[in-house]
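Chemist: Sequence:
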Amino acid sequence: MIYASDLLTFLWMTTLYEVRQQARKLCQIVSKEGIGKETERKRHCWLMISRLTSSFGEAMCLATDGLLMSLFSSFLIGCYGCLTSFTNRIKRAEYVWWEFAESSSIYIFFFFMFDTAERTTIEAGTKFSSIVLNLKHSKMDKETLSDMSLLLSCISSCPPVVTFAGLVEVNRTLLTNLVSNSVTYLVLLFQYRRE
1 MIYASDLLTF LWMTTLYEVR QQARKLCQIV SKEGIGKETE RKRHCWLMIS RLTSSFGEAM
61 CLATDGLLMS LFSSFLIGCY GCLTSFTNRI KRAEYVWWEF AESSSIYIFF FFMFDTAERT
121 TIEAGTKFSS IVLNLKHSKM DKETLSDMSL LLSCISSCPP VVTFAGLVEV NRTLLTNLVS
181 NSVTYLVLLF QYRRE
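According to the UniProt record's numbering, the sequence shown is numbered sequentially starting from 1.
If you're looking for bench data, these hints aren't it; they were derived computationally from the structure.
For glycine and all other residues, C-beta sits at the position ideal for the given N, C-alpha and C.
Honestly, I wouldn't trust all of these hints.
Claimed, not checked - Straight-line alpha carbon distances no greater than 20 Å define the calculated DMTMM-like cross-link-like pairs of lysine to aspartate or glutamate that follow:
(1) Lys-142 / Glu-18
(2) Lys-25 / Glu-40
(3) Lys-42 / Glu-18
As the list claims (entries may be wrong) - Distance windows between CB atoms, simulated:
(4) Ala-59 / Asn-177: 18 to 24 Å
(5) Ser-146 / Ala-101: 55 to 61 Å
(6) Phe-111 / Glu-18: 17 to 23 Å
(7) Leu-152 / Asn-177: 28 to 34 Å
(8) Ser-105 / Glu-40: 46 to 52 Å
(9) Tyr-107 / Leu-11: 52 to 58 Å
(10) Val-187 / Leu-133: 43 to 49 Å
(11) Leu-7 / Ala-101: 27 to 33 Å
(12) Phe-10 / Val-183: 44 to 50 Å
(13) Phe-10 / Leu-150: 33 to 39 Å
(14) Ala-59 / Phe-111: 20 to 26 Å
Make a model of the complete structure from these sequences and hints.
Modeler: This is the structure we're talking about:
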């Protein structure tokens, strides 16, 4: 059976993989040829990669945010149910353990999604700008240097970052934040339960 999270993860990862491939191709061209030839085309290509990277996170925001919220709730309720059934020694609480296992397995999908987003951000942003900065400046004429500074200002003004609707940057730390928030809410639930 295929779940929505499987399809979403596959779509997310393949699209961002292709964006990374295009960023790598552009990095190879720039490192071979330098900035001099067809600077406008290279800058336009990089801007398209940057816009695609940024807009992809915004486009996937609604589906992913809905899935994240349901996952977070499901994981929290599953953990609470598991711990409650464990502490109260409830017999026949298998359904709670299955809910916990299923919601925990979805965190694996989100790890791969967030990892792919972080890798794309690094590949299209940090790596590309470091290649441009490491070009030999002494062999460039004034026009090429001004084109390079224009490209670097484009990179710094609109970095290719995958975000959810511009609110939060998607990377691996987002997953650890979700897990730590889950643990915090579990502690709160257990404190209210005991009172």
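Chemist: All hints are to be evaluated individually against the structure, with a verdict given for each.
Modeler: Hints, verified against the model:
| no. | hint | in the structure |
| --- | --- | --- |
| 1 | Lys-142 / Glu-18 | violated (35 Å) |
| 2 | Lys-25 / Glu-40 | holds (16 Å) |
| 3 | Lys-42 / Glu-18 | holds (18 Å) |
| 4 | Ala-59 / Asn-177: 18 to 24 Å | holds (22 Å) |
| 5 | Ser-146 / Ala-101: 55 to 61 Å | holds (59 Å) |
| 6 | Phe-111 / Glu-18: 17 to 23 Å | holds (20 Å) |
| 7 | Leu-152 / Asn-177: 28 to 34 Å | holds (31 Å) |
| 8 | Ser-105 / Glu-40: 46 to 52 Å | holds (48 Å) |
| 9 | Tyr-107 / Leu-11: 52 to 58 Å | violated (18 Å) |
| 10 | Val-187 / Leu-133: 43 to 49 Å | holds (46 Å) |
| 11 | Leu-7 / Ala-101: 27 to 33 Å | violated (21 Å) |
| 12 | Phe-10 / Val-183: 44 to 50 Å | violated (29 Å) |
| 13 | Phe-10 / Leu-150: 33 to 39 Å | holds (38 Å) |
| 14 | Ala-59 / Phe-111: 20 to 26 Å | holds (21 Å) |
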